[in-house]
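Enquirer: The chain contents come next:
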Amino acid sequence: MELQELRITAALAYLDLEEEKFEKLQLAVEQMLQYFSKMMEVDIEGLSPTTHALVHENRTRPDQVFPFEDTDSLLENAPETEDRFIVIPNIL
Amino acid sequence: MSSLSSWIGLLTDPKTRDSYIHYVEQLEPQIGAFIQFDPRIGLKESLPEGPFKGVPFAVKDILAVKGFGLTCGSRILEGFVSPYTATAVEKLQRAGAVVVGKTNMDEFGMGSSTDTSFYKQTCNPWDLERVAGGSSGGSAAAVASGMVPFALGSDTGGSVRQPAAFCGIYGLKPTYGVVSRYGLVAYASSLDVVGICAASVEITEEVFSLIRGKDERDQTSLEETGASGIDGSYGKGANKIVQRIGFVSGNLGLDPGVERAYRKTQEVLRSLGYEVRPIELSMLEYYAPVYYTIATAEASANLARYTGIRYGYRPEYAENPEELVRKARSEGFGEEVKLRILLGTYVLRSGFQDQYYQRAQRIRTAIRKDFDRVFQEVDVILSPVFPTQAFKHGSEGLDPFQQKVADRFTTAANLAGIPALSFPAGLEEGLPVGFQLMAPVFGEELLFQVARKFAEEVPPLKAPSNTSPWS
Chain P
1 MELQELRITA ALAYLDLEEE KFEKLQLAVE QMLQYFSKMM EVDIEGLSPT
51 THALVHENRT RPDQVFPFED TDSLLENAPE TEDRFIVIPN IL
Chain A
1 MSSLSSWIGL LTDPKTRDSY IHYVEQLEPQ IGAFIQFDPR IGLKESLPEG
51 PFKGVPFAVK DILAVKGFGL TCGSRILEGF VSPYTATAVE KLQRAGAVVV
101 GKTNMDEFGM GSSTDTSFYK QTCNPWDLER VAGGSSGGSA AAVASGMVPF
151 ALGSDTGGSV RQPAAFCGIY GLKPTYGVVS RYGLVAYASS LDVVGICAAS
201 VEITEEVFSL IRGKDERDQT SLEETGASGI DGSYGKGANK IVQRIGFVSG
251 NLGLDPGVER AYRKTQEVLR SLGYEVRPIE LSMLEYYAPV YYTIATAEAS
301 ANLARYTGIR YGYRPEYAEN PEELVRKARS EGFGEEVKLR ILLGTYVLRS
351 GFQDQYYQRA QRIRTAIRKD FDRVFQEVDV ILSPVFPTQA FKHGSEGLDP
401 FQQKVADRFT TAANLAGIPA LSFPAGLEEG LPVGFQLMAP VFGEELLFQV
451 ARKFAEEVPP LKAPSNTSPW S
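Quick note, the sequences are listed as chains P and A, same order. Residue numbers for the first sequence follow the numbering used here, beginning at 1 and rising by one. Residue numbers for the second sequence follow the numbering used here, beginning at 1 and rising by one.
By construction, these hints were calculated from the structure, which means they are not laboratory data. Quick caveat, the model's predicted, so the values are computed rather than measured. Careful, some of the hints might be misleading.
Label-pair restraints from in silico Cβ distances [as the list claims (entries may be wrong)]:
1) Ala304(A) / Ser48(P): 20 to 28 Å
2) Glu69(P) / Glu49(A): 19 to 27 Å
3) Arg349(A) / Asp16(P): 17 to 25 Å
4) Ile91(P) / Asp13(A): 51 to 59 Å
5) Ala11(P) / Val405(A): 27 to 35 Å
Below, computed lysine-lysine pairings styled on DSS-like, alpha-carbon distance capped at 30 Å [claimed, not checked]:
6) Lys21(P) / Lys327(A)
7) Lys15(A) / Lys24(P)
8) Lys38(P) / Lys24(P)
9) Lys53(A) / Lys66(A)
10) Lys91(A) / Lys453(A)
11) Lys240(A) / Lys120(A)
12) Lys53(A) / Lys264(A)
13) Lys21(P) / Lys392(A)
14) Lys240(A) / Lys214(A)
15) Lys392(A) / Lys24(P)
16) Lys44(A) / Lys15(A)
17) Lys369(A) / Lys327(A)
18) Lys38(P) / Lys369(A)
19) Lys453(A) / Lys53(A)
20) Lys120(A) / Lys214(A)
21) Lys120(A) / Lys21(P)
22) Lys214(A) / Lys91(A)
23) Lys120(A) / Lys66(A)
24) Lys392(A) / Lys214(A)
25) Lys24(P) / Lys214(A)
26) Lys392(A) / Lys120(A)
Every residue, glycine too, gets a C-beta built ideally from N, C-alpha and C.
Taking the hints into account, I'd like the entire structure generated from these sequences.
Expert: Next comes the structure, spelled out in structure tokens:
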């Protein structure tokens with residue numbers, strides 16, 4: 001993989017990569033992609049993709065509301081809050 | 001034979017409760033099975049009457065248990081407290097069992113050694129210099145060291161079966177969808193299942209029968225056999241007597257000790273009256289590449305939720321929200337997780353999807369068809385779990401790439417959705433070796449049948465560090 005491709009991919013994944021680790025990571029990615037390329041040997045003509053191992057139809061359910069009572073426990077997990085708002089850095 | 005009877009009521013009687021806590025607390029510093037050990041949380045309220053009343057059990061730190069932390073072995077979830085409880089855990093609690101703690105694991109389930117955990121190292125109860133396996137290494141080590149009779153884990157590509165084999169215990173990966181994933185933090189949703197580490201076949205069966213079943217809160221969970229929309233060529237396996245066992249043959253690249261034990265296991269099964277014959281899995285060499293393509297792709301999407309905004313690790317300072325997210329993820333995720341997110345993001349990028357993700361999903365269909373073919377010939381399949389026994393911590397062991405290639409035997413069951421049980425098959429050079437049995441979907445009973453019979457001939461052994469009077 002080109003270094004530039006890795007940078008684009010990292011940006012898409014919201015990951016900052018440290019320069020000194022870049023090369024090592026690039027090699028590891030390269031090694032895995034090489035390994036993935038083994039899949040090119042398989043004739044996939046006529047095979048449909050598997051998404052769920054067993055179920056082949058879409059499953060739906062009624063759109064119902066089930067209230068979650070203990071909303072405080074959710075807010076307590078926020079790293080920084082003010083009243084019942086979650087604090088983040090300024091957008092502008 | 002280890003059974004639950006000696007564990008029942010253990011935590012309801014203050015005297016036995018104290019000696020239990022003492023046992024775990026003196027052993028835990030050597031083993032490192034738990035990220036959090038706190039039996040008091042589960043004992044705050046009176047226990048319901050049930051067949052598991054007062055029985056301690058452990059839960060991998062990737063399953064939600066209200067009041068406990070939920071770190072997934074990652075810095076990015078440090079300090080997170082679970083607001084609710086996973087269905088599988090809740091079912092055990094309703095039967096009177098008590099969660100005593102959350103077990104160590106490879107970060108987000110990504111690894112085969114538990115060494116990628118941000119929090120601590122887990123050591124193999126048979127040899128402390130060696131890993132307990134992974135990613136459910138803490139769960140397997142807690143069972144093997146006699147701290148609990150069973151523990152829940154998760155198995156995306158072998159994460160329950162491989163540590164079970166390394167630690168000389170049982171590890172069940174159920175049929176996909178049979179146990180609800182509600183409350184299981186997602187790694188690769190089409191492959192993830194909640195699994196069981198246990199000290200005996202009997203305990204594995206008892207726990208499985210309690211936690212199975214369709215759950216309204218998990219849309220991928222399944223009714224038992226015969227539900228509509230399920231592939232018709234599957235699901236005919238249950239309730240028969242196993243006669244034919246096919247063992248995976250060919251040049252499997254096993255370590256000599258594992259190879260010897262594999263042949264011995266085939267001989268024992270033959271002596272028990274089974275027709276044991278070689279079979280070939282024609283797609284074997286593609287399991288791991290297909291698995292890693294699908295798993296990393298799904299992981300990159302599932303792990304996009306960790307932003308450091310609503311919960312989890314937040315960096316000291318960020319100029320704006322976008323920088324906050326980038327810093328939280330870059331500082332919060334470990335190296336292996338970053339590698340897999342990058343791979344997954346790459347294989348899903350426009351222009352590469354056909355070549356990787358789509359192709360992998362189509363080969364997955366071929367893999368399922370290959371199992372269909374084999375299950376016409378045999379009732380269950382015997383296969384290695386891992387080509388080596390428990391390896392040493394650090395650079396003397398297997399490197400991360402070798403560990404991934406070594407997942408070739410376990411990933412098959414996840415790709416095909418079929419159940420698999422890893423069982424202990426004696427020792428080689430003082431360390432346990434385990435093999436796995438695979439059955440058609442919903443065929444868990446077939447696995448228990450064979451494993452029960454095998455254990456009469458080759459009973460599971462206790463690890464040297466396990467001096468627990470209850471196991």
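Enquirer: Next step is simple, just say for each hint if it's right about the structure.
Expert: Now for the hints, and whether the structure bears them out:
1. Ala304(A) / Ser48(P): 20 to 28 Å: Roughly 27 Å apart at Cβ, these two residues keep to the hinted range, so it holds.
2. Glu69(P) / Glu49(A): 19 to 27 Å: holds (26 Å)
3. Arg349(A) / Asp16(P): 17 to 25 Å: holds (19 Å)
4. Ile91(P) / Asp13(A): 51 to 59 Å: Since Ile91(P) and Asp13(A) have Cβ atoms about 58 Å apart, the given range 51 to 59 Å holds.
5. Ala11(P) / Val405(A): 27 to 35 Å: At roughly 29 Å between Cβ atoms, Val405(A) and Ala11(P) fall inside 27 to 35 Å, so the hint holds.
6. Lys21(P) / Lys327(A): Since the Cα atoms of Lys21(P) and Lys327(A) sit roughly 16 Å apart, the hinted pair holds (cutoff 30 Å).
7. Lys15(A) / Lys24(P): Cα-Cα ~54 Å, so violated.
8. Lys38(P) / Lys24(P): holds (22 Å)
9. Lys53(A) / Lys66(A): holds (19 Å)
10. Lys91(A) / Lys453(A): holds (28 Å)
11. Lys240(A) / Lys120(A): Violated, because 44 Å separates the two Cα atoms, which is more than 30 Å.
12. Lys53(A) / Lys264(A): Violated. Lys53(A) to Lys264(A) sits at ~39 Å, over the 30 Å cutoff.
13. Lys21(P) / Lys392(A): This hinted pair holds, its Cα atoms lying about 25 Å apart.
14. Lys240(A) / Lys214(A): holds (23 Å)
15. Lys392(A) / Lys24(P): Measuring from Cα to Cα gives roughly 23 Å; hence the hint holds.
16. Lys44(A) / Lys15(A): Holds, at roughly 17 Å.
17. Lys369(A) / Lys327(A): violated (44 Å)
18. Lys38(P) / Lys369(A): holds (19 Å)
19. Lys453(A) / Lys53(A): With a Cα-Cα distance of about 28 Å, the restraint between Lys453(A) and Lys53(A) holds, given a limit of 30 Å.
20. Lys120(A) / Lys214(A): Distance of about 35 Å is beyond 30 Å: violated.
21. Lys120(A) / Lys21(P): Distance of about 23 Å is within 30 Å: holds.
22. Lys214(A) / Lys91(A): holds (12 Å)
23. Lys120(A) / Lys66(A): With Cα atoms ~23 Å apart, Lys120(A) and Lys66(A) stay inside 30 Å; holds.
24. Lys392(A) / Lys214(A): violated (40 Å)
25. Lys24(P) / Lys214(A): violated (44 Å)
26. Lys392(A) / Lys120(A): holds (16 Å)
Taken one by one, the earlier hints fail for this structure at numbers 7, 11, 12, 17, 20, 24, 25, listed in ascending order.
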